[in-house]
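Asker: Please work from the sequences and hints to get the whole structure.
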Amino acid sequence: MKALDQVREVMRRDRVFNFMAQGQHPVIKGKVDVSKDIILYLESVSVSFDGFKAINDLDLYINDGELRCIIGPNGAGKTTMMDIITGKTRPDEGSVYFGQTMDLTKMSEYEIASAGIGRKFQKPTIFPEHTVFENLELAMEADKRVWITLFARLTPAQNDRIHEVLQTIMLEQHAELKARHLSHGQKQWLEIGMLLMQNPRVLLVDEPIAGMTHQETEKTAELLTGLAGEHSVVVVEHDMEFVRSIAKTVTVLHEGHVLAEGSMDEVQNNPKVIEVYLGE
Amino acid sequence: MKLPCITGHLKCLLLLLMLCLSVLTINPVLAASGDEQFMNALQQLTAKKFNQKSQAISEIENSRHSQVKPVLNALLTGNLYYRKSDKVVFIVQKQDETFQLIDVLSDQQVAEVGKRTLKKISINNTLRSQLRSIIARVDLSDPNADVRRSAVQDMMKDMSLDAVNLLQEQLVIERSEIVKETIQVAIALYDIKSDDKATKLNAINALGDSVHPEANNLLKYVVSKDADGNYVENDLELRLAAQNAISTVETKLKIYSFAETLFFGVSLGSVLLLSAIGLAITFGVMGVINMAHGELMMLGAYTTYVVQLLMPNSIEYSLMVAVPAAFLVAGFVGILIERGVLQFLYGRPLETLLATFGISLILQQVVRSVFSPLNRSVETPEWMSGAWEINSALALTYNRLYIIIFSLIIFALLILILKKTALGLYIRSVSQNREMAKAMGVRSEWVDALTFGLGSGIAGIAGVALSQLTNVGPNLGQAYIIDSFMVVVFGGVGNLWGTFVAAMSLGVVNKFLEPWSGAVLAKIIVLVFIILFIQKRPKGLFPQKGRAGGN
Amino acid sequence: MAHKSIFMSMLADDRGGKIFLSLLAIVTIVLPLLNLAVAQDSAFHISTFTITLMGKYLCYALLAIALDLVWGYCGILSLGHAAFFALGGYAMGMYLMRQIGDRGVYGNPELPDFMVFLNWESLPWYWYGFDQFWFAMLMAMLIPGVLAYLFGWLAFRSRVTGVYLSIITQALTYALMLAFFRNEMGFGGNNGLTDFKEILGFSLQQDATRVGLFVITALMLAIGYLVSRFIVTSKLGRVVVAVRDAEDRARFIGYKVESFKLWVFVFSAVLAGIAGALYVPQVGIINPGEFSPLNSIELVVWVAVGGRGLLYGAVLGAILVNFSKTYLTAALPEVWLFALGALFIIVTVFLPKGIVGLLQQMKARKVKEQKNESP
Ligand SMILES: Nc1ncnc2c1ncn2[C@@H]1O[C@H](COP(=O)(O)OP(=O)(O)OP(=O)(O)O)[C@@H](O)[C@H]1O
Ligand SMILES: [Mg+2]
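Protein chains in written order, with my numbering: chain A, 540 to 819; chain B, 36 to 586; chain C, 12 to 386.
Hints are computed from structural coordinates only; laboratory data are not their basis.
From the three backbone atoms N, C-alpha and C, an ideal C-beta is built for every residue, glycine too.
Watch out, some of these pointers could steer you wrong.
Stated by the list, open to error - Straight-line Cα separation of at most 30 Å, DSS-like style, residue types lysine-lysine; simulated pairs: (1) A:K662 / C:K208; (2) A:K627 / B:K574; (3) B:K84 / B:K155; (4) C:K267 / A:K570; (5) C:K377 / A:K662; (6) B:K571 / A:K645; (7) A:K662 / B:K104; (8) C:K208 / C:K67; (9) C:K267 / B:K574; (10) C:K67 / A:K717; (11) A:K592 / B:K289; (12) B:K473 / B:K574; (13) A:K575 / A:K662; (14) C:K379 / A:K717; (15) C:K246 / A:K570; (16) B:K289 / B:K255; (17) A:K662 / B:K574; (18) A:K717 / C:K29; (19) A:K662 / A:K787; (20) C:K246 / A:K717; (21) C:K29 / A:K645; (22) A:K717 / C:K336.
Claimed, not checked - According to the in silico footprint, chain B covers these stretches of chain C (three or more CB under 8 Å from chain B): (23) 177-186; (24) 353-361.
To be verified - Every beta carbon over 12 Å from chain B, so not counted as near; a handful from chain C, in silico: (25) A23; (26) L230; (27) K246; (28) V312; (29) E380; (30) Q381.
Answerer: Dropping the structure here:
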C-alpha cells in the first residue's frame with residue numbers, strides 16, 4: 540500500500556516537475572539547481588492556525604533572477620508565506636522547493652538560510668546590543684558552525700566587504716554605534732544590509748520602506764532592482780507607488796490564495812482585485 | 036454554674052446561655068424520674084435469689100438510664116458491690132487492699148473502704164449470658180455506628196446462639212454498611228462452626244463477601260492443613276468454596292487498595308491544585324513568575340494559627356473564619372507586592388522571578404522574627420479528624436476528603452469569577468491584549484493589582500488547607516513552590532483546566548508510584564518525567580492558543 | 012607571539028578585567044606570604060581560616076563567571092547551575108573519600124565509612140577509578156558537562172526558552188537533590204562526603220596545603236576568566252549575544268542557534284564543575300544541600316548584583332555578596348535574609364545592570380558634564 544502510494548505520489552508530481560521524486564537533497568550553497576529557470580516553488584500549500592486558514596491552497600513560482608512584488612490586504616497571508624519558505628512555519632499540506640532539489644519543508648531555518656534564502660522581517664529585527672559593524676559581520680556569508688566561529692578572524696577582504704555594504708546602506712558614520720540607537724528607517728537599512736552581507740540567492744523582503752523618507756524609498760527601489768538578475772527578490776509591500784516603480788510582475792494574495800498575477804496595470808484593472816481592495 | 040465567659044464572642048455566649056437554660060429547666064425533672072426507677076432496680080439486685088436478680092437486671096435495662104452499661108459491665112466483671120450497712124450499691128475499683136467506691140449515678144469516687152464493709156453481688160451463668168446480651172443490645176442500639184461496630188467486634192470473639200439471634204435482628208434494622216458487614220462476618224463466624232454442611236457453605240460464601248480481616252483469616256484456616264498435613268476441613272466442596280471465597284476477597288481487597296491509592300492521589304492532586312491555581316493565574320494571566328507564592332501560602336497557614344489563637348474555645352469554627360481571613364491577608368500582601376515591586380517589571384518575566392524570590396526571603400524572615408523559626412501547631416477541628424470507614428478495608432480520612440471537596444469548590448469559584456464577573460472579563464481582556472484593553476478604557480493597573488491579589492488570596496486559602504496537613508513553619512512555602520510550578524508548566528500556562536488535569540494526574544501518578552518506588556524516588560520520577568515532557572511539548576498539556584510572538 | 016597578540020586584544024578594552032586580574036595577582040602573592048612568612052602573633056599575620064574563606068569566595072567567583080556566560084551573554088537563566096557545581100564537588104569528594112583509606116572510623120581500606128555503616132559489601136561500580144586524582148578531576152568536568160549536554164540538547168532542540176527553561180532547570184537540581192539525599196545512591200545520603208584527610212598526599216589540615224589550594228583556585232579563576240573572556244570577545248561570543256537579543260534573527264541568518272546555546276551551556280557547566288571541585292577540599296564537606304534550588308537562585312543574585320553580561324561584574328558580585336553574607340550571618344543573623352531579599356528587589360527594579368552598570372552610568376554622566384562645561 541505504502542509503496543503504491545509512494546509511486547502514485549511520484550507519478551503525480553512527475554507530471555508537473557520531474558525533480559520532485561528525488562529523495563535526499565544536499566544542502567550546498569550555490570548548488571541550487573535552477574535548470575528549469577524557477578528558483579522557488581510553492582505548490583498547493585495550506586496552513587491553518589487553530590482552524591483559521593491563513594494560507595489556502597497557494598501556488599506560487601518565482602523565477603530565477605526575477606523581482607517579484609506581492610501585495611494584498613492586511614491578513615492576506617503574505618508574512619505567513621515567507622514564514623513557510625524560511626521554515627518558521629511548517630505547511631499542513633503542499634510542497635515547497637528551492638530550485639529543483641531542495642525540499643524546504645524538511646529543512647530547518649538555519650539550513651534554509653545557509654542554503655541561500657535571506658529574509659528581512661516586517662518589523663525590523665537587528666541585534667540591538669551589537670554595533671552596526673558587528674551586525675553586518677554576524678550576517679556575513681561564512682562558515683557558521685560553532686567551533687569555527689569561536690576562532691574566526693575577520694579577513695581584510697571581509698572587512699572591505701562590510702565597509703562596502705556600510706556605504707550602500709548609508710551607515711558608514713554609524714559603524715561603531717550600537718544598533719539599538721538607530722532610527723526606525725536606519726534599522727530597516729541595517730536589516731537590508733545584513734541581507735546583502737548574506738549574499739543569498741533569494742531575498743525575501745517584507746515591507747522594506749515602512750518608516751523611510753522619500754529619498755530613502757527611491758534608494759531602496761534602486762537597490763532592489765539592482766539586486767534582481769543576480770539574485771531573485773520577493774518584495775511584499777503595501778505602498779502601490781513603490782511597487783509600481785520596481786515591479787515587472789505583481790502577485791495579489793487574498794485570504795491565503797493567489798487572486799491575480801501579472802503586470803501592475805493588469806493587476807490594478809483586474810475586477811476581482813478592485814473588489815478586494817475597494818469593495819467590502 | 037460558672038461561665039467561662041468571653042465577652043465579645045456572641046455566638047459562644049448564646050450557646051452557653053441556651054445550655055444553662057436547658058439544664059436548669061427541663062433536664063432535672065427528667066433526670067430525677069429516670070434516676071428513681073434506675074435506683075430502685077439497683078436496689079433489687081441486692082436480693083438473694085438469682086431469679087429476683089434476673090428481674091432486677093431486666094428492670095435496669097428498661098430504665099434506659101445512661102449508667103446502665105457501666106453498672107451491668109461492673110456486674111458482669113464482678114465489680115458491683117453493696118454496702119452491708121445500708122445496702123447502697125457501688126461500683127468498686129480494687130486497689131491493692133482497699134476498695135474504692137464509685138457512685139453509680141455520678142461516676143465519681145466517693146469513698147475508700149476496707150473489704151469487709153462490702154458485699155459482692157454474685158451472679159451465675161444464666162445471669163452472665165443475660166447480661167452479655169443486654170450489654171450487646173444496649174451497645175447495638177447506640178446511635179454511634181462506631182460503638183455498634185465495636186460491640187459486634189467484641190461479640191465476635193465469643194459467639195453464641197443468642198448473640199447470633201440478636202445480630203440477625205440488628206441486621207434487619209442496621210443502616211451503616213460497615214456495621215452490617217461486621218455483623219455478617221460475626222454470624223458467619225458462628226455458622227461456619229456448625230455441623231450442617233449447607234449452613235457452613237452459606238457461611239463461607241458470606242465470608243467471601245466481606246473484606247474484614249477476621250473473615251479472611253477464617254477462610255484461610257478452612258483451606259489450611261494441620262500439623263499432620265491433613266486438611267482442617269475434610270469436605271472438598273467446602274474447601275473449594277473457601278478457596279473461591281478467598282480469591283474473591285483478594286480481588287476485592289485489590290480493588291479497595293486501588294481505590295484507596297486513588298483517593299490519596301486525588302487528595303494530593305487537590306493540594307497541588309490548590310497551591311497551583313493561584314500561581315496559574317499570576318503566571319498565566321500576567322506573565323509574572325511569583326516565587327513568593329509559597330510564602331503567601333505560608334501566610335495563609337499562619338493566619339489560621341492566629342485565628343485559632345484568637346478563638347481558642349471555638350476551634351470547630353476556626354477554619355470558617357480562617358479561610359476568608361487568609362484570603363484577605365494574603366491577597367492584601369499580594370496587592371502590596373504588585374504595587375510595590377512588580378508593576379515596574381512587566382514584560383520582564385525573569386526579573387519578576389528574581390524580585391519575587393527576594394520577597395519570599397523577606398516574608399520567611401518576617402515570620403521567623405514574629406513567630407519564631409519553630410513550627411507552630413495548628414489544631415484540627417473535631418469534624419475534620421477521624422475517617423469515614425466505608426468497610427473494613429477502605430477508610431477515607433476526613434481531612435483529605437474535605438480538602439478534595441474544598442479545592443474543587445475553590446476551583447469552581449475561580450472559573451466562575453473568570454467567566455462570569457466583570458473582573459474576570461477585564462482579566463481576560465488584559466491578558467489577551469493589554470494595549471487594546473487599555474484603549475477600551477480598562478484600567479489595566481487596577482486589573483493587574485486585583486488579579487495578583489486574587490491569585491495571592493487563593494494561595495492564602497491553600498495555606499489554610501495545608502495547615503491541616505503539614506507543619507506550619509517558615510519553610511512551608513518552599514516545600515510546595517517547585518511542585519506548584521511543575522503543575523502549572525505541565526498543564527500549560529494560562530489554562531486553568533490544564534492546571535486541574537495536571538494537578539490531578541501528577542497527584543495520582545505520584546501516589547501510584549510510591550508503593551512501588553518509595554516516596555522520594557516517586558517524586559524524582561515525576562520531576563524527570565515533566566522535564567522530558569516539556570521537551571516534547573514546550574507549552575504544556577494544553578497550550579495557550581494564539582500568535583506566538585511573531586515578527 | 013600570535014598568542015600574545017590575541018591575549019592583548021582580549022584585554023585591550025577590558026579595564027575592569029585588567030583591574031580584577033591585577034588585584035587577583037596581588038592577593039594571590041600577598042596573602043600566602045602574610046600567612047606563611049609572618050609570625051602568628053604579628054598584626055600582619057593572616058590566618059589560615061581567612062585564606063580558606065578567600066579561597067571559597069574565589070570558587071564562588073568562578074561559579075559566577077560560569078553562570079554569567081549562560082545568563083548574561085546567552086540569555087539562558089539557569090536556576091540549576093549549583094547542580095553542576097555540586098556534581099564537580101562530589102567528584103572531588105569521592106576522590107578525597109578514597110584517599111582516607113583505612114583511616115576511617117571503621118578502618119575499612121576499600122569502603123568509605125558510610126558504606127560500611129550501611130552494610131555494603133563492596134564498592135559500587137561508579138566509585139571505581141576515583142582513587143586516581145586525574146580520573147576524579149576528569150569526572151569533575153565530564154559529569155557536569157555530560158549532564159549539561161544531555162539536558163541542553165533536549166531543551167534547546169525543542170526550543171524550551173525563557174521562564175520554562177528556568178523552571179525546568181530548577182526541577183533538575185531539585186530532582187538531583189532528592190536523589191542525592193537517598194542513601195541508596197551511594198553518595199553518603201544526608202551527610203554527604205566529609206572527614207577528608209589528604210589530597211595528593213598533602214594533609215588538608217596543614218596550613219601549606221590550604222594556602223596551596225588557595226593559590227591554585229586563584230590561578231584557575233584567572234584562567235577561567237581569560238578563557239571566558241576569549242570566548243565572549245570571539246565571534247562566537249557575538250553570536251551568543253545575538254541569540255540572546257534576537258534569536259530568530261540569528262537563526263535566519265544561518266546560525267544553528269541550539270548548537271551555540273548548547274556549547275555555551277556545556278562550557279559553563281564544566282566551569283561550574285571545576286569551581287565545585289576546588290571548593291570541596293577547602294570547605295571539607297559536600298552534601299546534597301549544595302543542590303538546593305535556593306543555592307542556584309542565590310548564585311543568580313551574585314551575578315545580578317555585580318552586573319550581568321560583564322565577566323568581572325559577576326566576580327565582583329560573587330565576592331561582595333558572599334562577604335556580606337559571612338559578615339551578616341555572624342553579626343546579625345536575622346538581618347541576613349532581609350538584606351538578601353532586599354538586594355534581589357533593589358537590583359532587579361533599580362539596577363538592571365548591577366553595580367558595574369551603575370558605575371558605568373555614573374562615569375558616563377561625569378564625562379557628559381565635563382563636556383558640557385568645557386566649551
Ligand atoms: N502563529 C499564528 N497564530 C495564529 N494566527 C496567525 C499566526 N500567524 C498568522 N496568523 C493569522 O494569519 C493571517 C495572515 O497573517 P499574515 O501575517 O501572514 O498577514 P499579512 O498578509 O502579512 O498581513 P500584513 O499586511 O498586515 O502584514 C492573519 O489573520 C493572522 O492573524
Ligand atoms: Mg505581514
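Asker: Hint by hint, say whether it matches the structure.
Answerer: To see whether the hints hold, each was checked on the structure:
1. A:K662 / C:K208: Violated: A:K662 and C:K208 sit about 63 Å apart, past 30 Å.
2. A:K627 / B:K574: Between A:K627 and B:K574 the Cα gap is close to 17 Å, so the pair holds against 30 Å.
3. B:K84 / B:K155: 14 Å, holds
4. C:K267 / A:K570: 20 Å, holds
5. C:K377 / A:K662: 36 Å, violated
6. B:K571 / A:K645: Roughly 19 Å between the alpha carbons, so the hint for B:K571 and A:K645 holds.
7. A:K662 / B:K104: Judged against 30 Å, a Cα distance of about 88 Å means the pair is violated.
8. C:K208 / C:K67: Distance of about 19 Å is within 30 Å: holds.
9. C:K267 / B:K574: 22 Å, holds
10. C:K67 / A:K717: With Cα atoms ~38 Å apart, C:K67 and A:K717 exceed 30 Å; violated.
11. A:K592 / B:K289: 51 Å, violated
12. B:K473 / B:K574: This hinted pair holds, its Cα atoms lying about 27 Å apart.
13. A:K575 / A:K662: 34 Å, violated
14. C:K379 / A:K717: 18 Å, holds
15. C:K246 / A:K570: 27 Å, holds
16. B:K289 / B:K255: 17 Å, holds
17. A:K662 / B:K574: Status holds; Cα separation ~25 Å.
18. A:K717 / C:K29: Roughly 24 Å separates the two Cα atoms, so the pair holds.
19. A:K662 / A:K787: Answer holds: A:K662 to A:K787 is near 26 Å, not above 30 Å.
20. C:K246 / A:K717: Given that 30 Å is the threshold and the Cα spacing comes to 16 Å, the pair holds.
21. C:K29 / A:K645: Violated, at roughly 49 Å.
22. A:K717 / C:K336: 37 Å, violated
23. 177-186: Per the Cβ count (8), the hint holds.
24. 353-361: Since 7 is at least three, the answer is holds.
25. A23: The claim stands: C:A23 keeps its Cβ more than 12 Å from every Cβ of chain B (closest is about 32 Å).
26. L230: 32 Å, holds
27. K246: C:K246 is indeed farther than 12 Å from all Cβ atoms of chain B, at 24 Å.
28. V312: Non-interface label fails for C:V312: nearest chain B Cβ at 7 Å, not farther than 12 Å.
29. E380: For C:E380, whose nearest Cβ neighbour in chain B is about 28 Å away, the distance exceeds 12 Å, so it holds.
30. Q381: It holds; C:Q381 is separated from chain B by about 32 Å at its closest Cβ, greater than 12 Å.
Of the hints listed earlier, those the structure fails to meet are numbers 1, 5, 7, 10, 11, 13, 21, 22 and 28, in rising order.
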